[in-house]
Amino acid sequence: MMYAHRFSDINAKLHDLRKLAANAGLEISKHKTKEVRVYNRVDSALILEGEVIEATNEFTCLGSIISVNGGSDEDVNARIKKARHDFIKNRLKSP
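Counting from 1 along the sequence shown, just add 1 to a position and that's the residue number in this note's numbering.
Honestly, the hints are just simulated from the structure, not real lab data. Note that the coordinates shown come from a computational prediction; the quantities given were computed from them, not determined experimentally. We treat Cβ as the ideally placed atom computed from N, Cα and C, and that holds for glycine. Errors might be hidden in some of the hints.
Derived Cβ-Cβ restraints for the label pairs, each shown as a range [what the hints assert, rightly or not]: (1) PHE88 <-> ARG19: 36 to 46 Å; (2) ILE29 <-> ASN70: 25 to 35 Å; (3) ASP17 <-> LYS82: 16 to 26 Å; (4) LEU27 <-> ILE89: 17 to 27 Å; (5) HIS6 <-> SER68: 26 to 36 Å; (6) SER45 <-> LYS82: 33 to 43 Å; (7) LYS94 <-> LEU27: 23 to 33 Å; (8) TYR4 <-> ASP44: 31 to 41 Å; (9) LYS20 <-> PHE60: 17 to 27 Å; (10) SER9 <-> ARG85: 16 to 26 Å; (11) ASP10 <-> HIS86: 32 to 42 Å; (12) ASP17 <-> LEU63: 16 to 26 Å; (13) ILE48 <-> VAL69: 14 to 24 Å.
BS3-like, lysine-lysine: derived pairs with alpha carbons at most 25 Å apart [said to hold, decoys possible]: (14) LYS14 <-> LYS33; (15) LYS20 <-> LYS33; (16) LYS35 <-> LYS20; (17) LYS94 <-> LYS83; (18) LYS82 <-> LYS94; (19) LYS14 <-> LYS35; (20) LYS31 <-> LYS14; (21) LYS31 <-> LYS20.
With the hints as extra help, turn the sequences into a complete structure.
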């Protein structure tokens, strides 16, 4: 996960990461890499090795949901749903 305040910064970070990965014998998957822009006014495409990185509205990282609106509603609702599911599951297991 990378953060930047300006589009030019994130583009530079992405290319630096690609170079570091290549030096270590690794490769960034252009098909698995996604982008989420939170409160962004720039519509320019993020490009890696000539291919446009797919934009998505949200993703989950370390159990937290990151979304384009920057809000936490989706994250809180997902955690409540998971807790409810686990509670019911454990309750059914109890004698």
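Hints and how they fare:
1. Between PHE88 and ARG19 the beta carbons are some 44 Å apart, a value that agrees with the proposed interval 36 to 46 Å.
2. Between ILE29 and ASN70 the Cβ separation comes to about 27 Å, which falls inside the hinted range of 25 to 35 Å.
3. For ASP17 and LYS82, the Cβ-Cβ distance of about 38 Å falls outside the hinted range of 16 to 26 Å, so the restraint is violated.
4. Taking the beta carbon of each, LEU27 and ILE89 are about 42 Å apart, not inside 17 to 27 Å as hinted.
5. Roughly 18 Å separates the CB atoms of HIS6 and SER68, a value that falls outside the hinted 26 to 36 Å.
6. Between SER45 and LYS82 the Cβ separation comes to about 36 Å, which falls inside the hinted range of 33 to 43 Å.
7. A hinted range of 23 to 33 Å is violated for the C-beta pair LYS94 and LEU27, which are about 43 Å apart.
8. For TYR4 paired with ASP44, a C-beta distance near 19 Å fails the hint of 31 to 41 Å.
9. Checked against the given bound of 17 to 27 Å, the beta carbons of LYS20 and PHE60, roughly 24 Å apart, stay inside it.
10. A hinted range of 16 to 26 Å for the beta carbons of SER9 and ARG85 is inconsistent with their spacing of about 44 Å.
11. A C-beta distance of roughly 40 Å is found between ASP10 and HIS86, which places it inside the suggested range of 32 to 42 Å.
12. The given range of 16 to 26 Å is respected by ASP17 and LEU63, whose C-beta atoms sit roughly 23 Å from each other.
13. Our hint of 14 to 24 Å for ILE48 and VAL69 holds, since their Cβ atoms are close to 20 Å apart.
14. As the CA atoms of LYS14 and LYS33 are separated by approximately 17 Å, the hinted pair is consistent with the 25 Å bound.
15. Under the criterion of a C-alpha separation no larger than 25 Å, the hint pairing LYS20 with LYS33 is consistent with the structure, at around 18 Å.
16. At most 25 Å may separate the alpha-carbon atoms for a hinted pair to count; LYS35 and LYS20 meet this at roughly 18 Å.
17. Our distance criterion of 25 Å between C-alpha atoms is met by LYS94 and LYS83, whose separation comes to about 17 Å.
18. A distance of roughly 19 Å separates the Cα atoms of LYS82 and LYS94; the hinted pair therefore holds under the 25 Å criterion.
19. Restraint check for LYS14 and LYS35: satisfied, since their Cα atoms lie roughly 15 Å apart, inside the 25 Å limit.
20. With a C-alpha separation of about 15 Å, the suggested pairing of LYS31 with LYS14 holds against the 25 Å cut-off.
21. Our distance criterion of 25 Å between C-alpha atoms is met by LYS31 and LYS20, whose separation comes to about 14 Å.
The structure shown violates the earlier hints numbered 3, 4, 5, 7, 8 and 10.
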